[in-house]
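J.: Those protein sequence lines, which keep their order, are chains A and B. Quick note on the working numbering: the first sequence kicks off at -8 and runs consecutively. Quick note on the working numbering: the second sequence kicks off at 28 and runs consecutively.
I should point out that these hints are in silico values taken from the structure, not numbers from a laboratory. Please note that the accuracy of each hint is not assured.
[To be verified] When the alpha-carbon atoms are kept at most 25 Å apart in a straight line, the in silico BS3-like pairs for lysine-lysine are as follows: (1) K183/A - K302/A; (2) K353/A - K375/A; (3) K72/B - K34/A; (4) K266/A - K375/A; (5) K257/A - K183/A; (6) K23/A - K72/B.
[As the list claims (entries may be wrong)] Pair ranges (Cβ atoms, derived): (7) P82/B - E76/A: 22 to 28 Å; (8) S110/A - R60/B: 26 to 32 Å; (9) E76/A - H65/B: 37 to 43 Å; (10) L42/B - R69/A: 33 to 39 Å; (11) V43/B - K216/A: 46 to 52 Å; (12) D120/A - H65/B: 29 to 35 Å; (13) V99/B - E76/A: 32 to 38 Å; (14) E343/A - N48/B: 34 to 40 Å; (15) D97/B - K266/A: 29 to 35 Å; (16) K298/A - E173/B: 44 to 50 Å; (17) M59/A - K63/B: 24 to 30 Å; (18) K216/A - N48/B: 41 to 47 Å.
[Claimed, not checked] What the simulated footprint calls covered on chain A by chain B, stretch by stretch (three residues with Cβ under 8 Å from a Cβ of chain B suffice, anywhere in the stretch; the number is not a length): (19) 9 to 15; (20) 45 to 55; (21) 63 to 72; (22) 110 to 118.
Since the structure is predicted, the reported quantities are computational estimates derived from the model, not experimental observations. Ideal Cβ positions, reconstructed from N, Cα and C, are used throughout, including at glycine.
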Amino acid sequence: MADRVGIVAVAQTKFDQKREEHLTETLVHVTKDVMGQTGLEFKDDGTGIDSTVVASQDYFGGPGGIHMHYAYTVGAYRRPDERVEEDGAFAVAYGAMQILSGHHDVVLVVGHIKESVCSKNQVENLGLDHIYGRKIGLDFVAAAGMQAMRYQHKYGITPEQCAKVVVKNRTNGKNNPLVMYANGITVEDVLKSEMVADPIRVQEAKPVPVDGAVAMILACEDKAKKLTNKPVWITGMGMCYDHHELGYRDLADCDSLVSAAQMAYKMAGIKEPAKELNLAEVSDHYAYQELLWSEGLGLCGKGEGGKLIDKGTTSMGGELPVNPSGGLLCGVPLIVAGMQRVAECVLQLRGEAGGRQVSGAKTALAHGVEGPAGQLHCVITLEK
Amino acid sequence: MAKKAAAEHLVMPYLVSIPCNFSAGPYMGRLLREMKEHKKLWGNKCPSCGRIMFPPRAVCGQCHGVEAGDWVELSDKGTLFAFDVCYYPYIDPTTGQPKPVPWARGVITLDGGGALIHFIEPPDPEKLRRGMRVQAVWREEGRMGEMMDILYFQATEEDKK
Chain A
-8 MADRVGIVAV AQTKFDQKRE EHLTETLVHV TKDVMGQTGL EFKDDGTGID
42 STVVASQDYF GGPGGIHMHY AYTVGAYRRP DERVEEDGAF AVAYGAMQIL
92 SGHHDVVLVV GHIKESVCSK NQVENLGLDH IYGRKIGLDF VAAAGMQAMR
142 YQHKYGITPE QCAKVVVKNR TNGKNNPLVM YANGITVEDV LKSEMVADPI
192 RVQEAKPVPV DGAVAMILAC EDKAKKLTNK PVWITGMGMC YDHHELGYRD
242 LADCDSLVSA AQMAYKMAGI KEPAKELNLA EVSDHYAYQE LLWSEGLGLC
292 GKGEGGKLID KGTTSMGGEL PVNPSGGLLC GVPLIVAGMQ RVAECVLQLR
342 GEAGGRQVSG AKTALAHGVE GPAGQLHCVI TLEK
Chain B
28 MAKKAAAEHL VMPYLVSIPC NFSAGPYMGR LLREMKEHKK LWGNKCPSCG
78 RIMFPPRAVC GQCHGVEAGD WVELSDKGTL FAFDVCYYPY IDPTTGQPKP
128 VPWARGVITL DGGGALIHFI EPPDPEKLRR GMRVQAVWRE EGRMGEMMDI
178 LYFQATEEDK K
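Full structure from sequences and hints, please.
T.: The following block contains the structure:
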């Protein structure tokens, strides 16, 4: 078994609307970017990239089937290639497992989505059970609305506290040249914006549609050390599913995230995440989720997500900055979302995060989520 | 032993339908535009391995490292490399209506490079053979910029002789 898995290179596209590009062109550019950073090519003799893992969602490529049609753009030609129809953080974890198992030494992981192809709400509606969920028009936005309502009610989380998350992340994003929706929005602006799914307002939801892709190369420890002088090590990984049906869960709690986080922390030897982590990139598809997921990750106590943002702990310059990149609220496609969290952690730990750099960052956490109201979570801890 | 009444099973028909806006991009886009406007097939050539690619692509799947940009006009004549005649009912995805059986499709290697898959007419196993010379029959009116702007391939005049 390999000792450790290192991330040796990351590449991201700009996150905007790519209506002029065929999906393959986006993929070729991001793949060649990350390969160019390492000089690696696709090889079947153990001297290059051994396999690929790709995360996407079929409908967002057009008429479906893209996982098979466009595999060649990421080098899936007479070599192992795996496909993940889940958040991209899971693809990173599966790639790392290929290396930890000793099956491969060097793995290319790619995540891509073109939200501009079709309605995100319609695709998410298809993500629901077709007997109990779809016909009432449920999608992930409506599910999130119910979760936000329940969370605010159970723990006394206020609309202002949720709006502060938007202000923090949109401000952080001003230092991220890849995102389109960073701005100087105020709490008042957020609370005056159009209601989407009560209590979620339009400014508290991830902007849609956004297109983009992320690629990264993972390598076993000895190869990682040779490929870069700034490897970032994956120290812990955890994944967990919850019930699909919303009625089976107390939506104000996120038990599956707690399990995923504990699995990752155990692997990484992290006992007090709030003290030991230097930053966290959390999937804030909706503003309240950054608070709720922070609780699940153990960055604060249960029901204390509101206090966390009030105290400024998670702001730049706070004890534990959350989403220095600007998060998903600055516009990142779903599926790509969790993988882009990992990519941002890598840039931070390499000291390459520019104006959003968390000084002296040595440890980081990336979180990906998928499914209605956070059905499944993936937690990855990293260190330099 | 008395026979038990069979349990009644509930079966629900279900249709999934999502409108999509598919971006053709510069490579596929040029091919489809040339088909619509000029009844011509275009591919591109990998500058590394020299392979003619049809459909044209942003990158050669084999060499990967190169972006393939060299455009090549392809012939709409070629050789039937492989084919099959099918007898099972076929719902035409463009109309939702059944197509008459039998029907035939084949892999056609185009003269000068590139290969594509299309209908072969007539779907008669007695008349079709591997290696026969075939030519595209184009839609004369109302081409949309899609592969069905070619109606089918059929034997060339020289091959019929």
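J.: Compare the structure with each hint and give your call.
T.: Evaluated hints:
Of the pairs offered as hints, the one joining K183/A and K302/A holds, with about 24 Å between alpha carbons and a cut-off of 25 Å not exceeded. Taking the CA atoms of K353/A and K375/A, the gap is near 6 Å; set against the 25 Å cutoff, the hint holds. Restraint check for K72/B and K34/A: satisfied, since their Cα atoms lie roughly 22 Å apart, inside the 25 Å limit. Of the supplied pair hints, the one linking K266/A and K375/A holds, its CA atoms being roughly 17 Å apart against a limit of 25 Å.
At roughly 43 Å between alpha-carbon atoms, K257/A and K183/A are farther apart than 25 Å, so this suggested pair is violated. In summary, the hint linking K23/A to K72/B is supported, as the alpha carbons are separated by about 19 Å, within the 25 Å threshold. As the Cβ distance of P82/B to E76/A is approximately 25 Å, the hint placing it in 22 to 28 Å holds. For the pair S110/A and R60/B, the supplied restraint of 26 to 32 Å holds, since their beta-carbon distance comes to about 27 Å.
Taking 37 to 43 Å as the suggested C-beta distance range, the pair E76/A and H65/B conforms, at roughly 39 Å. For L42/B and R69/A, the Cβ-Cβ distance of about 38 Å falls inside the hinted range of 33 to 39 Å, so the restraint holds. In this structure, V43/B and K216/A meet the distance hint of 46 to 52 Å, their C-beta atoms being roughly 48 Å apart. Between D120/A and H65/B the CB atoms are about 49 Å apart, so this pair departs from the stated range of 29 to 35 Å.
Our hint of 32 to 38 Å for V99/B and E76/A holds, since their Cβ atoms are close to 36 Å apart. Evaluation of the 34 to 40 Å hint for E343/A and N48/B yields a pass: the beta carbon distance comes to about 35 Å. The hinted window of 29 to 35 Å between D97/B and K266/A is violated, with their beta carbons roughly 58 Å apart. For K298/A paired with E173/B, a C-beta distance near 58 Å fails the hint of 44 to 50 Å.
One distance hint, 24 to 30 Å for the beta-carbon pair M59/A and K63/B, holds here, with the actual separation near 27 Å. Judged by the Cβ atoms, the range 41 to 47 Å given for K216/A and N48/B holds: they are separated by roughly 45 Å. Coverage of a stretch by a chain is defined here by at least three residues with a beta carbon nearer than 8 Å to that chain's beta carbons; for the region 9 to 15 of chain A and chain B the count is 7, and the condition holds. With a threshold of 8 Å between beta carbons, the proposed coverage of the region 45 to 55 of chain A by chain B holds, since 3 of its residues qualify and at least three are required.
Counting residues of the region 63 to 72 of chain A whose C-beta sits closer than 8 Å to any C-beta of chain B gives 4, which meets the bar of three, so the coverage hint holds. Under the rule that three or more residues need a Cβ within less than 8 Å of chain B, the assignment of the region 110 to 118 of chain A holds, with 4 such residues.
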